[in-house]
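Asker: Given next are the chains, with one letter for each unit.
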Amino acid sequence: GQQLNQSPQSMFIQEGEDVSMNCTSSSIFNTWLWYKQDPGEGPVLLIALYKAGELTSNGRLTAQFGITRKDSFLNISASIPSDVGIYFCAGRPDAGGTSYGKLTFGQGTILTVHP
Amino acid sequence: DARVTQTPRHKVTEMGQEVTMRCQPILGHNTVFWYRQTMMQGLELLAYFRNRAPLDDSGMPKDRFSAEMPDATLATLKIQPSEPRDSAVYFCASGLVNDGDTYTDTQYFGPGTRLTVL
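In order, the protein sequence lines correspond to chains A and B. If you read the first sequence in our numbering, its first letter stands for residue 1, the second for the next number, and so on. If you read the second sequence in our numbering, its first letter stands for residue 1001, the second for the next number, and so on.
No wet-lab data here; the hints were simulated from the structure. Please read all numbers here as calculations on a predicted model, not as lab measurements. Worth double-checking, as some hints may not be accurate.
Restraint ranges, calculated between C-beta atoms of paired labels, are given here [what the hints assert, rightly or not]:
{"no.": "1", "chain 1": "B", "residue 1": "Tyr-1103", "chain 2": "A", "residue 2": "Asn-75", "range": "33 to 43 Å"}
{"no.": "2", "chain 1": "B", "residue 1": "Leu-1096", "chain 2": "A", "residue 2": "Ser-82", "range": "24 to 34 Å"}
{"no.": "3", "chain 1": "B", "residue 1": "Thr-1102", "chain 2": "A", "residue 2": "Ser-82", "range": "42 to 52 Å"}
{"no.": "4", "chain 1": "A", "residue 1": "Pro-81", "chain 2": "B", "residue 2": "Gly-1016", "range": "40 to 50 Å"}
{"no.": "5", "chain 1": "B", "residue 1": "Pro-1061", "chain 2": "A", "residue 2": "Asn-75", "range": "35 to 45 Å"}
{"no.": "6", "chain 1": "A", "residue 1": "Asn-75", "chain 2": "B", "residue 2": "Glu-1083", "range": "25 to 35 Å"}
{"no.": "7", "chain 1": "A", "residue 1": "Ser-20", "chain 2": "B", "residue 2": "Gly-1016", "range": "25 to 35 Å"}
{"no.": "8", "chain 1": "B", "residue 1": "Gly-1028", "chain 2": "A", "residue 2": "Gln-3", "range": "28 to 38 Å"}
{"no.": "9", "chain 1": "B", "residue 1": "Leu-1096", "chain 2": "A", "residue 2": "Thr-68", "range": "27 to 37 Å"}
{"no.": "10", "chain 1": "A", "residue 1": "Gly-53", "chain 2": "B", "residue 2": "Asp-1099", "range": "42 to 52 Å"}
Even glycine gets a Cβ: it sits at the ideal position worked out from N, Cα and C.
My request is simple: use the sequences and hints to build the entire structure.
Answerer: Here you go:
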């Protein structure tokens, strides 16, 4: 099946630092989504991207849909302790039919923020 | 604030026992997904339904797992008999999906059921 390569696998940063993570695929994706998972909870949607080149912000978070449609990145500015968690990228491959809504997930980036 | 709900949140059982997990999707959503999350495999899609009909259950071990939607407000995932390797967190997600409309790709997750099979 489709694979998403998410990097880095983990990050240890100081409070106040900026964070960048990305996802790449060998094939075209029509949608890119970024989720955050807190311990003991389900993933929560942070940002959704629907067009190649689209750049969207949500507070201190900014995400972009790569122009080649094969990648996406997420930036977090001025990190704070509550940013700790696992960040997942997800995308929908260009498969048409009833594949709408069916997402492929990256392996996740574990973020640790030291006060 | 509409949310996906799942019960139970935690389940500990012995090998060979039947386990049933329940999910209530967000009211009005037409697509329900079941995922399994483990440290080794990450998030795996087990099955998904559109308008209560199964669209794809290829990710689900057929010999012991079954998924159903008795009605639009309830989805169930059953394991019988359970095995220790089934220990994982099981998530349900829902979305309002229209084929051909990229803007409806978004999924909303429940809090998960943490299953431990001894």
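Asker: Is 33 to 43 Å a correct range for the gap between the Cβ atoms of B/Tyr-1103 and A/Asn-75?
Answerer: Given range 33 to 43 Å: violated, Cβ gap about 23 Å.
Asker: Could you say whether the range 24 to 34 Å given as a hint is met by the Cβ separation of B/Leu-1096 and A/Ser-82?
Answerer: The hinted range 24 to 34 Å holds for B/Leu-1096 and A/Ser-82, with Cβ atoms some 29 Å apart.
Asker: Evaluate the given range 28 to 38 Å for the C-beta pair formed by B/Gly-1028 and A/Gln-3.
Answerer: Given a distance of about 33 Å, which is inside 28 to 38 Å, the answer is holds.
Asker: Just tell me: holds or violated, for the beta carbon distance of A/Ser-20 and B/Gly-1016 against 25 to 35 Å?
Answerer: violated, 47 Å
Asker: May I ask you to test the hint 40 to 50 Å on the CB atoms belonging to A/Pro-81 and B/Gly-1016?
Answerer: holds, 43 Å
Asker: Taking 35 to 45 Å as the stated bounds, is the beta-carbon spacing between B/Pro-1061 and A/Asn-75 within them?
Answerer: holds, 39 Å
Asker: Between A/Gly-53 and B/Asp-1099, is the Cβ distance one that fits in 42 to 52 Å?
Answerer: The hinted range 42 to 52 Å is violated for A/Gly-53 and B/Asp-1099, with Cβ atoms some 24 Å apart.
Asker: Assuming the hint says 27 to 37 Å, is it satisfied by the Cβ distance from B/Leu-1096 to A/Thr-68 or not?
Answerer: Check passed, 29 Å falls within 27 to 37 Å.
Asker: Verify the CB-CB distance for B/Thr-1102 and A/Ser-82 against the hinted window 42 to 52 Å.
Answerer: At 31 Å between Cβs, range violated.
Asker: CB of A/Asn-75 to CB of B/Glu-1083, is that within 25 to 35 Å?
Answerer: violated, 42 Å
The structure is inconsistent with the numbered hints 1, 3, 6, 7 and 10, although it conforms to all the rest.
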